[in-house]
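Fit chains B, C and D to the given chain A structure using the hints.
Number of protein chains: 4
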Amino acid sequence: MKAFVYQGPGRKALEDRAIPAIAAPGDAVVRVVKTTICGTDLHILKGDVPTCAPGRILGHEGVGVIDQVGAGVTAFHAGDRVLISCISACGKCEYCRRGMYSHCTTGGWILGNAIDGTQAEYVRIPHADTSLYPIPAGADEEALVMLSDILPTGFECGVLNGKVAPGSTVAIVGAGPIGLAALLTAQFYSPAAIVMVDFDDNRLAVAKRFGATATVNAGSGNAADAVRKLTGGSGVDTAIEAVGVPGSFETCEDIVAPGGTIANVGVHGVKVDLHLERLWSHNITITTRLVDTATTPMLLKTVQSHKIDPKCMITHHFTLDRILDAYETFANAASTHALKVIIDV
Amino acid sequence: MKAFVYQGPGRKALEDRAIPAIAAPGDAVVRVVKTTICGTDLHILKGDVPTCAPGRILGHEGVGVIDQVGAGVTAFHAGDRVLISCISACGKCEYCRRGMYSHCTTGGWILGNAIDGTQAEYVRIPHADTSLYPIPAGADEEALVMLSDILPTGFECGVLNGKVAPGSTVAIVGAGPIGLAALLTAQFYSPAAIVMVDFDDNRLAVAKRFGATATVNAGSGNAADAVRKLTGGSGVDTAIEAVGVPGSFETCEDIVAPGGTIANVGVHGVKVDLHLERLWSHNITITTRLVDTATTPMLLKTVQSHKIDPKCMITHHFTLDRILDAYETFANAASTHALKVIIDV
Amino acid sequence: MKAFVYQGPGRKALEDRAIPAIAAPGDAVVRVVKTTICGTDLHILKGDVPTCAPGRILGHEGVGVIDQVGAGVTAFHAGDRVLISCISACGKCEYCRRGMYSHCTTGGWILGNAIDGTQAEYVRIPHADTSLYPIPAGADEEALVMLSDILPTGFECGVLNGKVAPGSTVAIVGAGPIGLAALLTAQFYSPAAIVMVDFDDNRLAVAKRFGATATVNAGSGNAADAVRKLTGGSGVDTAIEAVGVPGSFETCEDIVAPGGTIANVGVHGVKVDLHLERLWSHNITITTRLVDTATTPMLLKTVQSHKIDPKCMITHHFTLDRILDAYETFANAASTHALKVIIDV
Amino acid sequence: MKAFVYQGPGRKALEDRAIPAIAAPGDAVVRVVKTTICGTDLHILKGDVPTCAPGRILGHEGVGVIDQVGAGVTAFHAGDRVLISCISACGKCEYCRRGMYSHCTTGGWILGNAIDGTQAEYVRIPHADTSLYPIPAGADEEALVMLSDILPTGFECGVLNGKVAPGSTVAIVGAGPIGLAALLTAQFYSPAAIVMVDFDDNRLAVAKRFGATATVNAGSGNAADAVRKLTGGSGVDTAIEAVGVPGSFETCEDIVAPGGTIANVGVHGVKVDLHLERLWSHNITITTRLVDTATTPMLLKTVQSHKIDPKCMITHHFTLDRILDAYETFANAASTHALKVIIDV
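Residue numbers (the working numbering), protein chains in the order written: chain A, 1 to 345; chain B, 1 to 345; chain C, 1 to 345; chain D, 1 to 345.
So that you can see chain A by itself, here it is in the shape it has in the complex:
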């Protein structure tokens, strides 16, 4: 089969590989129908993700059709159309029982990282019963690719952890795909204001179209001042960090109101300054989270009932043959205006 392979820092190729086989009773082999590229894949290609060794097939998102299942799989059968979660969860360990699938002792984010992933014609999914989701009849499968990772990430790490509520005020720092996913799902809770902060005017324009009530270009002076001004000086109830650098986290520290929450979504490479000399008395909460995809069934319901249209995140389409072009397009988002690209397999 064809598969997109990380060959070491800066090196990648579409290779021929053997179709994966069932390796454990809980496994399923899925024929991939559609997949996509995540910002994390770009990090892997740079060599920044040590858990991902050269030779790995990348990709942790997608929809497909069950090809075969192991003896222990009870929820799925060959021919079932499925949504693949970026998180593999055994459903049995202490973390899984708490809904913290991201910390599953034999799973977590392993797909396209510690084991081969979805940017291929077939993929082996361990713990299939609790890592795949049946696709409802009549669903738009392309839209559902957004439910593998990006929508639950924005929703769980940003919106739920950030306790977005009716009438509340929200700022999202970072209008990339993840920030926009938080923007879309924040609207489930009818906040009074959602201020989007970014350096890229195109992304801020997209944010406006996606429901932001105000935007702040962080390049033109002090973003924190601008956000505070937009909230009558008091700051926001929820500040969502969706970039992953010290500056954007500190912006969140500067704009969170007393009693508010900073929900970190970004993947950070270095430590940040936490200004406890000011914040110790502000009754704030800071949260971190690797997406658990525990809300996938709920998100499926919101898509099926048209409360959200994840398809608006999709800007480009490619076939698997042209996945190198897809990476090129996705990696140059500033010029291509790419948000999410669909790879038809």
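Hint data in this document are derived by calculation from the structure and do not stem from the laboratory.
Hints may be right or wrong, so weigh each one.
In this list, chains with the same sequence are indistinguishable; a pair is considered to hold if it fits within one copy or across any two.
With a cut-off of at most 27 angstroms between alpha-carbon atoms, the simulated DSS-like pairs for lysine-lysine come out as follows [unchecked claim]:
(1) Lys-163 with Lys-271
(2) Lys-208 with Lys-271
(3) Lys-307 with Lys-229
(4) Lys-34 with Lys-12
(5) Lys-2 with Lys-271
(6) Lys-229 with Lys-2
(7) Lys-2 with Lys-46
(8) Lys-307 with Lys-46
(9) Lys-229 with Lys-163
(10) Lys-12 with Lys-208
(11) Lys-208 with Lys-307
(12) Lys-46 with Lys-34
Chains B, C and D only, in chain A's frame:
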């Protein structure tokens, strides 16, 4: 009347002052019966609390008897015995309605700070209806002095924010009065383990007596390693920071288990390093809080029903005449083994 | 002044009365600008509310202008435009501190019930600081009359207690003003389905216009069966009872899914059958609540940010002179299609 | 093997049966070491549980040793010592993912009911990975038999659903094994008062010994009046129904304070009267629940850390040979004072 006055950095005295009068319809004047000294008072004396100007009568804890009330006070009458909260709350502003009394727009921690306090024969209490609590008949008033500040602080900022739960594991970094208050109130929720961390063997011995299941002297090597070893390598569900320096906060970062909470209680003077490069994916929560004393009615019930005996915190007694000695004793806790000192007025 | 007075069962009149005066330091006298009629007022007129004695000026909803305030009032001044809450709350008692304003020991629902109400040119409001809300500049005051009672009732007793959530399924039994208020505010949380049940096709048509995803006319056979069929047989996560008779409560018992909630909003005159022989093992929750209006500030924010337009509830307008006609119109809602009528004072 | 078999209403015997075999990849066969008898077993013997057909081996509690496991079992191996949960949970279905194991679509309470149970030398456990719990080294296995059903039932259905909290007031109506299990586990949360209500003075004496702060014999007049008097007239924050008859549920309705919760634990055979004509405005919550045993890991930690000693529930011991005597003793608890009897297999 006699009153203990901050006269500027390093200078303090017992002065003669006029008895305070009702200044607003919501005020009460309380004849102080017992008060105490807080670590914050020592900070003020050093000049570290800019909101507190020279000439201020210190003290934000105590019990007393209502001397007179303003026209708008309905819950109290002259002669009522009352517990004084360290936090003044109007009960009307947006923060008070959310139970965030510490951020009351016309109150908060003002007593012995922005207005004259309780280390005197009389004190004026603004917003009396919502800042005083009736003392139940037969209560031990000395024990209740611990409910003005220290017990609600340990409980709200440490135990409640830290989500201590039956069967969970807790570490408290800092075995001073506040850390010990967290230790006492954490036991309301029957955690499986409470590990106490400090540099002072005497305080650790007190902690053992107060219910700690294990202690770690932070002086003898790596405290975080010791705590992790005590929890089978996994770290604690709740890490309570009760010191207020970068090192102890970083210890909390090192010992919090995935899915756990760092509840900051300490008053910090400088920023700390937040290691998001490691913690971004650990699904942790960090909280800060200035005590709201919203739980005072509940704590009163636990004292009355003998679920807790706050009196164990009291190590020394002085009369108001000897308050300078009391400060001396309290300031030298390492040698005097003082926890809380009672000033009989 | 002119005032609408309950004169005993079946008797009512527009009388001349003295303008009320400040009676306690916490009082305000408000010049009423707009008021409305509640279903409860009809119950009083029939003699069904024993706490309301003949001679009482009715009305517990409205907006107005502060005329004068008592010495203890700090949040309002003469000339301020205010929203009047149907619940008077002292803000000090144990219930008020828990946000249970409906059970305030010196307040609760007393307006137009135990004390004179808002269907008059002036009304005295006790505990003014915590029972009135400032009207934001530029607000549509007519819309805000819906925030005195009906919107917080539907929201607090129905939607919040019913734990409506994104992607969940909701049924509301009763499409009168209260049921419709629950329908409007349920949409804050983006449920997948809201099924409205009533006997009146006009009201069901209104419900459709207000956002119901399906309607069931309870007259045509078994409503519970119809609701279960609409939810694929599983029943609803939230069943809101908005009528107040045994039959509609039992419909809720028949349609609530395992793990779901029945949120009672209706005012009941007789007991109901609770089928514990079936429900004991269904992991359900049943809640009751007299509205606390604790969410009024939040609802104001949702109105100001256009997340909801309460004005859609208003079907008729009258002047105070014609309040008897207004009662006639409101009492014959089946033929007049009245939902809420505005009385301009 | 020897097995205790329900042979139809009123008929029971110790029979010889074949040792069960693995029937599905997720199964385990467990050699039973200790089991016990539940009140539900008595109901089955009377013919009151239609899901349980004659010929069934009874028993849904116990500890044992893994004899063999199916191909899909990953968490256990032959020789492992395990606690058997009364609830079988697949860990995969929508209910299991919500922690509602009692409603597992292919499990729930099936053991000793729809499939053969634990009152035998061996038992087959479906969904073994998520229905068995490893016994910690050094644990008292006899004590752990109480964690199969009775402790999680009292804790989840009574204490957790009842929101028992520090300083709160609790009444438990029914001092049988389940009520006593609620009493023991309520103390995890340090309520100010726990009033126990029953007709049996012996059980009330046991309740006192187990930590009840007061007892009321329901035979001597009006139990509700007595409970209200004990709480200063206001009623209790939490009323736990642990009998399962209309009278005891109505006692709970009479004693629950405004804002309080009635947590139903009892198994009811007929409907009860719900007095909504009074309770509609009392802001109360009523919950029902079939135990999910979702808290078993947490309860294991509280036992291991000596926060609770479940062994105090055990009054009698028998060998499997004498299980008919054990049933006789358990069925005549009023005279034998039996709470829980241990069957050594």
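Taking the hints in turn, this is what the structure says about them:
| no. | hint | result |
| --- | --- | --- |
| 1 | Lys-163 with Lys-271 | both (25 angstroms within a copy, 26 angstroms between copies) |
| 2 | Lys-208 with Lys-271 | neither (31 angstroms within a copy, 35 angstroms between copies) |
| 3 | Lys-307 with Lys-229 | between (31 angstroms within a copy, 22 angstroms between copies) |
| 4 | Lys-34 with Lys-12 | within (20 angstroms within a copy, 59 angstroms between copies) |
| 5 | Lys-2 with Lys-271 | neither (39 angstroms within a copy, 51 angstroms between copies) |
| 6 | Lys-229 with Lys-2 | neither (53 angstroms within a copy, 46 angstroms between copies) |
| 7 | Lys-2 with Lys-46 | within (22 angstroms within a copy, 65 angstroms between copies) |
| 8 | Lys-307 with Lys-46 | neither (37 angstroms within a copy, 44 angstroms between copies) |
| 9 | Lys-229 with Lys-163 | within (22 angstroms within a copy, 34 angstroms between copies) |
| 10 | Lys-12 with Lys-208 | neither (36 angstroms within a copy, 54 angstroms between copies) |
| 11 | Lys-208 with Lys-307 | both (18 angstroms within a copy, 16 angstroms between copies) |
| 12 | Lys-46 with Lys-34 | within (24 angstroms within a copy, 58 angstroms between copies) |
Of the numbered hints stated above, those contradicted by the structure are hints 2, 5, 6, 8, 10, listed in ascending order.
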